[in-house]
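Based on the provided sequences and hints, a complete structural model is requested.
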Amino acid sequence: MLYFDIKKRLRAGANAFRLDAAFCLEEGSFLGIRGASGSGKTTLLRCLAGLCRPDSGGIRLGEELWYGTRPPVFLPPQRRSVGLVFQDYALFPNMTVYGNVFYATGDRKRTLELLELARLTKLERHFPHELSGGQKQRTALARALGRRPRLLLLDEPLSALDESLRYSLGDELIRIQRETGVTAILVSHSREEISRLCTEVLELADGRILGAGAEDRFEERFPSGAVELGPA
Amino acid sequence: MSLDLEPFLVSLRLGLWVTGLLLVICFPLAWIFARSRGRWVVWVESTAALPLVLSPTVLGFYLLILLSPRGAIGRLFMDVFHLRLAFTFAGIVIGGCVASLPFMLTALKTGIQGVPTQLLDASYTLGKGKAETIFRVVVPNMKSGIAAGLVNTFAHTIGGFGVMLMVGGSLPGVTKVVSIAVYERVESLDFASAHVYSAILVALSYVGVLLLNRLQRREARR
Numbered sequence: 001m002l003y004f005d006i007k008k009r010l011r012a013g014a015n016a017f018r019l020d021a022a023f024c025l026e027e028g029s030f031l032g033i034r035g036a037s038g039s040g041k042t043t044l045l046r047c048l049a050g051l052c053r054p055d056s057g058g059i060r061l062g063e064e065l066w067y068g069t070r071p072p073v074f075l076p077p078q079r080r081s082v083g084l085v086f087q088d089y090a091l092f093p094n095m096t097v098y099g100n101v102f103y104a105t106g107d108r109k110r111t112l113e114l115l116e117l118a119r120l121t122k123l124e125r126h127f128p129h130e131l132s133g134g135q136k137q138r139t140a141l142a143r144a145l146g147r148r149p150r151l152l153l154l155d156e157p158l159s160a161l162d163e164s165l166r167y168s169l170g171d172e173l174i175r176i177q178r179e180t181g182v183t184a185i186l187v188s189h190s191r192e193e194i195s196r197l198c199t200e201v202l203e204l205a206d207g208r209i210l211g212a213g214a215e216d217r218f219e220e221r222f223p224s225g226a227v228e229l230g231p232a
Numbered sequence: 001m002s003l004d005l006e007p008f009l010v011s012l013r014l015g016l017w018v019t020g021l022l023l024v025i026c027f028p029l030a031w032i033f034a035r036s037r038g039r040w041v042v043w044v045e046s047t048a049a050l051p052l053v054l055s056p057t058v059l060g061f062y063l064l065i066l067l068s069p070r071g072a073i074g075r076l077f078m079d080v081f082h083l084r085l086a087f088t089f090a091g092i093v094i095g096g097c098v099a100s101l102p103f104m105l106t107a108l109k110t111g112i113q114g115v116p117t118q119l120l121d122a123s124y125t126l127g128k129g130k131a132e133t134i135f136r137v138v139v140p141n142m143k144s145g146i147a148a149g150l151v152n153t154f155a156h157t158i159g160g161f162g163v164m165l166m167v168g169g170s171l172p173g174v175t176k177v178v179s180i181a182v183y184e185r186v187e188s189l190d191f192a193s194a195h196v197y198s199a200i201l202v203a204l205s206y207v208g209v210l211l212l213n214r215l216q217r218r219e220a221r222r
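Chains as they are written, first to last, in the working numbering: chain A, 1 to 232; chain B, 1 to 222.
Be careful, since some hints might not be right.
A partial selection of chain B residues facing chain A, derived with a Cβ cut-off under 7 angstroms [said to hold, decoys possible]: (1) Gln118; (2) Leu119; (3) Leu126; (4) Ala131; (5) Thr133; (6) Phe135; (7) Val137; (8) Ser144; (9) Ala147; (10) Glu184.
Some chain A residues well away from chain B (every beta-carbon gap over 12 angstroms; in silico) [what the hints assert, rightly or not]: (11) Ala36; (12) Gly68; (13) Arg70; (14) Gln135; (15) Ala140; (16) Asp155; (17) Ile174; (18) Ile176; (19) Glu179; (20) Ala205; (21) Gly211; (22) Gly213.
Hints were generated in silico from the structure; no laboratory data involved. In this text, all values refer to a predicted model and were calculated from it rather than measured experimentally. Backbone N, C-alpha and C fix where the C-beta goes; we use that ideal spot for every residue, glycine too.
Written as C-alpha cells, this is what we have:
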C-alpha cells in the first residue's frame, strides 16, 4: 500500500499556494491525478519522488517510510524505489537510447529486456535528438523502469504528442504497467486520458483533493486529509 | 633579429599551469554560483569578477604586496613551504590564476546553467549520487562551456602583461613571458622580432578561438 499525506507551502510569484493532499493506494494500481495547471500535480509527484521535501505529513510505501516528521525521515530519491518519467522526458543528450537505459540498470541483459519491452531494440544506437516524440517517451519509460521501481511516476508523459500517438502510447503504458505490475501514478490535465488509462482517480484543485476513488465510483467525495498514515 | 624561444616556453608552461589549476578551482565555484539562490552569491561573484574590470597594473600591484615575503600570502608560503613567491614562476602562476579567474568561472557557470535541472533530477531518481551525476551527465553536456573556459583562460594567460610584470618582473627563463619579450623588443627598437613574437601569439589565439567556435557550432546542432 502507498500512503501519502503531503503538506507543502509554495510561493509562485505573488501568490502563496498550499498543497494539502492525502491518499492511499493499493500496490499494483494505476492512479491518475488530474487537475488544472498550477493545481499542485507536479509538486505532489516531485514530493513522492524525493526531489522536493514536504513541510509536514508523511509518505510510506509498504513497510518503508520515505518521509515523516516524527521522527524526522527524508529519503533522497536515490534511496526510494521510484522511477520518474518527466514531461519533456529529460533524456541524457550525450547517451544513446541504450546508454540512457543502461545508465539506470547498469546491466546489459536487463537493458536489452527493457528495450524489447518498450519496442526500442532497433533504435538502441540512436541519440535522443534523432528520435521522434513517441520514441523519446518510450525510452524515458524504459529508463524509468530500469531500477525495477515499486512506484512509477509519470508527469504528463503524453502531453507533447499528437492525438493518434497519444492514443497508441497510452495503450503501451497500460500494457507495460500490467506486464511489470508496478504501482503507477500518472499526472495529466486531460480527463479523457486519465479515464482511459487509470484504475483510480484523484482530482486536485488549488492544492486540495476535490474527489478521489475508483474510476467508475469517482463521484464519491473524498475529503482531503482523511487518510492517516498507517503503522508499518 | 635573434629569436629567443624561451619566453614562449615560459608562457606555454604558465598557460598550462594556470588553465589546469583554474579548471579544478573554478568548477565547484561555478557550480555554487550557478545553482545557489543565496543572497551572498552576488557579492562573492562580483569579487571574483573584479579582475575583469580592474587595471592589470593595479591588480599586479596588490598581488605583489600580498605575495612579497612581508605580505600575508608570501609570508605564509615562506613559513610553511619555504617558498618565495614574488619574482618566481610560482608567483606568476598565482598572479595568472587571479587575473584569469573570471574567464574560466564565467564559461563554466554558463556551461552548468545550460544543463537542464531535469537531467540532474532524472539522474537522482535513477539512483545516482551527485558525483556520478556531475561526471556522467553534467560534464559531458557542457563540453562547449568547458572548452570556452580552457581556450579563454589559456589565451588570456599567455597574453598577460601587467600582472606578470608586476609580480614576476622579467627574469629570462623564469618569469619573462612572451608579452614582456615583445615589450622589451619594441623598447630596443627591434621591431622585426616584436612582429614575429606578436604574430605567433595572434596565430595561437586565433587557432584556439576557431577550434572553440567549431565545437560550439557542432554542439548547437545536436
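Query - Exclusion check [A:Ala140 not at the chain B interface, CB over 12 angstroms] - result: With a cut-off of 12 angstroms, A:Ala140 comes too close to chain B, as the shortest Cβ separation is near 8 angstroms.
Requested in this report: May I ask you to check that A:Ala205 keeps its beta-carbon over 12 angstroms from the closest beta-carbon of chain B?
Outcome: For A:Ala205, whose nearest Cβ neighbour in chain B is about 26 angstroms away, the distance exceeds 12 angstroms, so it holds.
Query raised in the report: Is A:Gly211 truly not at the interface, in the sense that its beta carbon sits beyond 12 angstroms from all beta carbons of chain B?
Result: Answer for A:Gly211: holds, closest chain B Cβ roughly 29 angstroms.
Query raised in the report: Since A:Ala36 was said not to touch the interface, does its Cβ keep a gap of more than 12 angstroms from each Cβ of chain B?
Result: Per Cβ check, A:Ala36 is outside 12 angstroms of chain B; nearest 22 angstroms; holds.
**Report entry** Interface restraint verdict for B:Ala131 against chain A (beta-carbon cut-off 7 angstroms)
**Finding:** At about 12 angstroms, which exceeds the 7 angstroms cut-off, the nearest Cβ of chain A leaves the hint on B:Ala131 violated.
Report task. Would you check whether B:Gln118 satisfies its interface hint, that is, whether its CB is within less than 7 angstroms of any CB in chain A? Result -> Since the shortest Cβ distance to chain A is 4 angstroms, the answer is holds.
Query - A:Ile174 and chain B, when compared Cβ to Cβ, separated by more than 12 angstroms - result: Holds: least Cβ distance 22 angstroms, greater than 12 angstroms.
Query raised in the report: Any Cβ of chain B at or closer than 12 angstroms to A:Asp155, or is the non-interface label fine?
Result: 10 angstroms, violated
Query - Verdict on A:Gln135 as a residue remote from chain B, using beta-carbon distances over 12 angstroms - result: At roughly 16 angstroms from the nearest Cβ of chain B, A:Gln135 sits farther out than 12 angstroms, so the non-interface label holds.
Requested in this report: Say whether it holds or is violated: A:Glu179 keeps its Cβ farther than 12 angstroms from all Cβ of chain B.
Outcome: With a cut-off of 12 angstroms, A:Glu179 remains clear of chain B, as the shortest Cβ separation is near 21 angstroms.
Query - Nearest-CB test (12 angstroms) between chain B and A:Gly213 - result: 28 angstroms, holds
Query raised in the report: Can we keep the B:Thr133 interface hint, with Cβ of chain A closer than 7 angstroms?
Result: 10 angstroms, violated
The earlier numbered hints that this structure contradicts are 4, 5, 6, 8, 9, 10, 15 and 16.
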